[in-house]
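Protein chains: 2
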Amino acid sequence: MKNTSILTVLFCSSILNVSAQQKPSGNLVQYVKPIIGTAKMGHTFPGATVPFGSVQLSPETDTLSYELNGKYNGDVYKYCAGYQYDDPTIVGFSHTHFSGTGHSDLGDFLVMPTVGKLQLNPGTKEHPENGYRSAYSHANETAEANYYKVKLDENNILAELTTTTRVGFHQYTFPKTDQAHIILDLMAGIYNYEDKDVWTYVRVVNDSLITGYRQTNGWARTRTVYFALSFSKPFNQYGCQNNSKRQVYRGFWGKFDQSKNFPELAGKQLRMYFDFKTNENEKIQLKMALSPVSMSNALENMKAEIPGWDFEAVKKQGQDQWNKELNKIVVSTTHKEDLVNFYTSMYHAALMPTVYMDVNGQYKGLDQEVHIAKGFVNYTSFSLWDTFRAFHPYLNIISPSRNADIVSSMMAHYDQTAMHMLPIWSHYANENWCMSGYHSVSVISDAIIKGTYKGDENAALDACVATAKHRSFEGLGYYMDMGYIPSEKNGVSVSSTLEYAYDDWCIAQLAKKLNRKDVYEEFNKRSENWKNVYDKASGFMRPRLSDGSFRKNFDVLKTDGQGFIEGNAWNFSLYVPQNPDAMIQMMGGKKKFVTHLDSLFTMHLPDEFFAETEDITRDGIIGNYVHGNEPAHHVAYLYNFTDQPWKTQSTVRMILNKQYHNGAAGLGGNDDCGQMSAWYIFSSLGFYPVAPGSDKYYFGSPLVKSATITLENGKTFSITAQNQSDKNVYVKQVILNGKPLDRLYITHDEIMNGGVLQFVMNGKPIR
Amino acid sequence: MKNTSILTVLFCSSILNVSAQQKPSGNLVQYVKPIIGTAKMGHTFPGATVPFGSVQLSPETDTLSYELNGKYNGDVYKYCAGYQYDDPTIVGFSHTHFSGTGHSDLGDFLVMPTVGKLQLNPGTKEHPENGYRSAYSHANETAEANYYKVKLDENNILAELTTTTRVGFHQYTFPKTDQAHIILDLMAGIYNYEDKDVWTYVRVVNDSLITGYRQTNGWARTRTVYFALSFSKPFNQYGCQNNSKRQVYRGFWGKFDQSKNFPELAGKQLRMYFDFKTNENEKIQLKMALSPVSMSNALENMKAEIPGWDFEAVKKQGQDQWNKELNKIVVSTTHKEDLVNFYTSMYHAALMPTVYMDVNGQYKGLDQEVHIAKGFVNYTSFSLWDTFRAFHPYLNIISPSRNADIVSSMMAHYDQTAMHMLPIWSHYANENWCMSGYHSVSVISDAIIKGTYKGDENAALDACVATAKHRSFEGLGYYMDMGYIPSEKNGVSVSSTLEYAYDDWCIAQLAKKLNRKDVYEEFNKRSENWKNVYDKASGFMRPRLSDGSFRKNFDVLKTDGQGFIEGNAWNFSLYVPQNPDAMIQMMGGKKKFVTHLDSLFTMHLPDEFFAETEDITRDGIIGNYVHGNEPAHHVAYLYNFTDQPWKTQSTVRMILNKQYHNGAAGLGGNDDCGQMSAWYIFSSLGFYPVAPGSDKYYFGSPLVKSATITLENGKTFSITAQNQSDKNVYVKQVILNGKPLDRLYITHDEIMNGGVLQFVMNGKPIR
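Residue numbers (our numbering), protein chains in the order written: chain B, 47 to 813; chain G, 47 to 813.
Treat the hints with care, as some may be off.
Computed list of lysine-lysine pairs in DSBU-like fashion (alpha-carbon distance at most 30 Å, straight line) [unchecked claim]: (1) B:K306 to G:K382; (2) B:K500 to B:K636; (3) B:K279 to G:K515.
If we take Cβ atoms under 7 Å as the criterion, some of the chain G residues that face chain B in the derived model are [as the list claims (entries may be wrong)]: (4) W245; (5) R249; (6) E310; (7) A312; (8) S340; (9) W479; (10) E520.
Simulated from the structure, these hints should not be mistaken for laboratory data.
Backbone N, C-alpha and C fix where the C-beta goes; we use that ideal spot for every residue, glycine too.
Required output: the full structure, derived from the provided sequences and hints.
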């Protein structure tokens, strides 16, 4: 078949889709439901933001911010994104939020409009009337891409939010009152306890502009966010409540009453208010611009991004940005729910990392100095243990220039940190060292191997090597000397050995591309270290002691204390993405391996063991396969390396259907900064990057009926699934540009060259 | 007599002085004794610094830094400069110190060398062996301008210190040991309590360079000092003790042991150590550069000011600077003690304010933004309630360009603060609002009237006016409306009314010069407000109520609660420097006033009232006249406004002799950032600026035998005192440039035009 014929087929297929009414229009924003994942463990936020925006302006329904007694609140984990769908009250709207993380920070600059008696405390969810928070109803709530609206029942105020990259735009419609207040709670924040508030500074510049900053010691150890806040209407008066328990010289020698109309404020825990008189339905608007560098930069950001007060225009501008982002992949599906899942996944996969520099190019570096990003956009918030798997490979296809900037940002991190290591989990000019491995090397190798990154490739390799040789990093010295991390030396010795081995393989692939033979040989050898923790007796990767023996006490269902991080041996033992063939052979061959995999997906994980599994709800698990967390994300594709690839196809479709839904509880685990969503997007399109660093994408079973990816290079890559249906989950044939493929993967170049990939679907497995 | 004749006389006088051996050589540093004022209430520091240097590298003998239990230590006031002469131990050497203040802050970056067992706590003065501090003896201590040396007995280490403007240079001579340590205590500081330590950040850049910053909430509310610290020899290992009680995520997820050889540290309360092996008498040197802006600027400052390791050269360079500064006035005296007092006064009057900008011109503004000082050197630490009286007038004569820069710095403060007020008591980009009045206007008016300041004079006047009309400032609204501050509205209503009236007169004088008639009239009227608090019945200024009546309960000897700040009615009632004639008339005429003044200097102040007098020792008082604090500094000169000016002459000489001595306890009160010293210098030369803002200096009685002031304009102004002796304290005649004067003052122009002022002294008053 010639290409032209295929195009005809595609065209017909398109027609068919239209008739099934699941062909999206150019306005793809309509399919984005930010509310997905806001219940239970998704940890997404429903508020307004633009793609990769610095500002995520979103409601908080409760956080630890209000525990002034210093007591640890066990619910903190629920509020990673500040909002839980089942909560009855909204505390306020703050400007920074992670999407889908399993630990947290941020929640800067909580704003809340109220009327009546001024109450400078948040109150409780049981008694919102005793504080500034308000009850609300989901019936009166709208969450769209870059637009959030809610009626605040307590005070009869309509709150609307939209944003640009660096500015949050609030619009509050008040009732008629002499006592309208806008609260700015500068001590609120996500995961706020143990003196997290380090310092806060505010200047009231005039009757409608204030500037300041908030400095915290949280997950980011040394973090400061600067702001400029402009009001559309001058406030009549203002004031500040200083809740700092310990502060030297607070009194300014009694010269001034700092609690009211005093324009220079500072302390550890401040709350401010601004008073207005309003007419019925009078709108008061606020623009809050952020900067990582200075108050003056924040003001400059505001002037550059939102010079005026046209809320609707700013909302539309952001939604246009979203449509541009979403239209990079135009799909048709059998069900509308799938369209919503797909575009919400694209939405969730365009929230993090976030732009971390001012309009003038300045940003705060890991060295706590001000830098200028020369020739790249600087990003922050890299959840690399999650995102190296599918999120960054996804960007390599749809936004390679963005992923190149991300690599540049990682290299800046490397240059600026005293540790001489690439980022592990970094955000806001800080390394928080969360999770394991050194997966920056996967992202960098993948980006260079795929031609995405245009910077100094050898310098990037050197950074990877230096990172991989940092002996004092979590057991790495042992790993380098012994080929594995002894179990008695480190609590996650097995998973780290596996992850290091994969990362080392990435470095080897990059070295190979750059003709750095010595590096290639060294790291290719290291990449086989996974073999050192395989226990033939149990058939699992297993903790191994310094003396070479395997640890006796070992439970393959348990997660805690078994040598793995956030996964049990069943899920984590299969983490050899760089060489499934060798792993399968070591595990007893293909046939035995299929049985093993079947068991994983069908066995029952008793509740006692599930309780230990982090970051997921019961929905996030299938048998003993944990989809709601990352270590096994490639596992469904491993059937491709056996004689039964059709089981990959059915399993992937099963996961797509079971793990992703349209409701607030639609995600079975943390979205993890786009990784869960990137898995969905790839798998929906019919292929997946089993081992980033390789240019291969292994086939699964497409969920879409068709897809057209518009590439940055001007080409398009289209996918069709003939005979697509809920039951036809098996792939009968794959045809690339008219030529049937006799392999189970396509390569990156084949995608980037543009063309048509045609899946012919079938109701029964093709054995 | 012609000028030439006078010069002959001068020359002869010089010869005579030489024979009396009190003629100083060009090496005037030999007469500087930084130890003067380090005992009791002087609050000076003995360590090393250059004129107006940013770094004051000086030993601490005890401070509040070590009270981790948060308990307030009543002795805090003793340690305003970190050092008390009578203390038996030295805790370490820190880099920033105020000179002679009555409240405190600073003490940044305490360094201490030790040997033997590592002890990361300071220990106690009773048991220095239990900590890193050391016993020492004054016999083994040398304090010179820009050089301090002490033997640390505990560890047999010789410590030597010197500086440049922005860099402290340490030289430690160790014994032979495998366990040499250099402690860097980042939680130490002066007046450290109540969570003053806000945040500390450190990077170990390599084995001999670290950078970081310390952020405090002290007298300066929001203050950060950045540093770069270079060691002459690589350390073998290093570590950090994090004493923060409350810190989120301190553990870095257990990935690293941050206590040892971990290069990125942050927390609220950190102590670090650096380990070495040393040979006998091996010197280890440290260079600690400071910056108000960034670590990179600190490093740049270090490279610019001390690129190498030549301790002696740096010491000499600083002492050369001092000699240049001191040689601006070359005096001869009857006694060597007077030479020491004079040049130590010049030294003390060249310590503050301090340079507050980096070698690249950047500094932190009051708005907490980074600015570049364009066309001026930016200064900080303005103790204006003290220094407007004589210190700034002194600079107008010997260093007008420096005073002009100080005025520019004040104008920058005005432009940058949200308060729209000139500085009251500001330091390190903060306003601490200490003391009363708005005496910046005195400094500015005086500088402009005397032709010192070359900036925008009308803008300066506008700033003065705005400051003087800030109604919410300490009773100012009442003062503006009623002509005085009602006693029930403010605790220091009388002294503030008096000070505002004087300040207003300064504004009027400036307005007059600038032909701003409306401003002149408004403020000239305000300048008479002192009359509104004069109580004819008691003959004192007295608290007055809103209803116009004087407060019944009133004690003219008490200091507390009588409506005055740091002074009783006897001392403060005479504060009408702008119009002594009118004041004397109101108080009953010249004759009565002489009796009144005589009483002040001769009466006895009972101990119960002395106890309330702040900032002085019993030595700081003469009768009921308090010289150890500022409000009455002009009072001895008020006899000039009666028919008995000779009493000014004898009284001034008495004060010069009684209040200034060579020993550690040589100052009877806080030196107050050079004000006490400037009083000494003026009075020693024979004249004093009774009312800055006027161009007149009123005569007293010179203590010097001769003096030559080398002016910035290239001219010289010389003073001789013929027939000078301890007994010849009375002035028979004053001859200016050969012409006998029939007035009791000279003008600023007469000084700046150069010439010769000849006092003919006498043993009896000339009535």
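Quick rundown of the hints versus the structure:
1. B:K306 to G:K382: Given pair B:K306, G:K382 is violated - Cα atoms ~57 Å apart, limit 30 Å.
2. B:K500 to B:K636: Violated - the C-alpha atoms of B:K636 and B:K500 are around 40 Å apart, more than 30 Å.
3. B:K279 to G:K515: Answer holds: B:K279 to G:K515 is near 27 Å, not above 30 Å.
4. W245: holds (5 Å)
5. R249: holds (4 Å)
6. E310: Holds, about 5 Å.
7. A312: Where the cut-off is 7 Å and the nearest Cβ of chain B is about 5 Å from G:A312, the hint holds.
8. S340: Holds, about 6 Å.
9. W479: Because about 5 Å separates G:W479 from the closest Cβ in chain B, which is inside the 7 Å limit, the hint holds.
10. E520: holds (5 Å)
Against the hints set out earlier in the document, violations occur for numbers 1 and 2.
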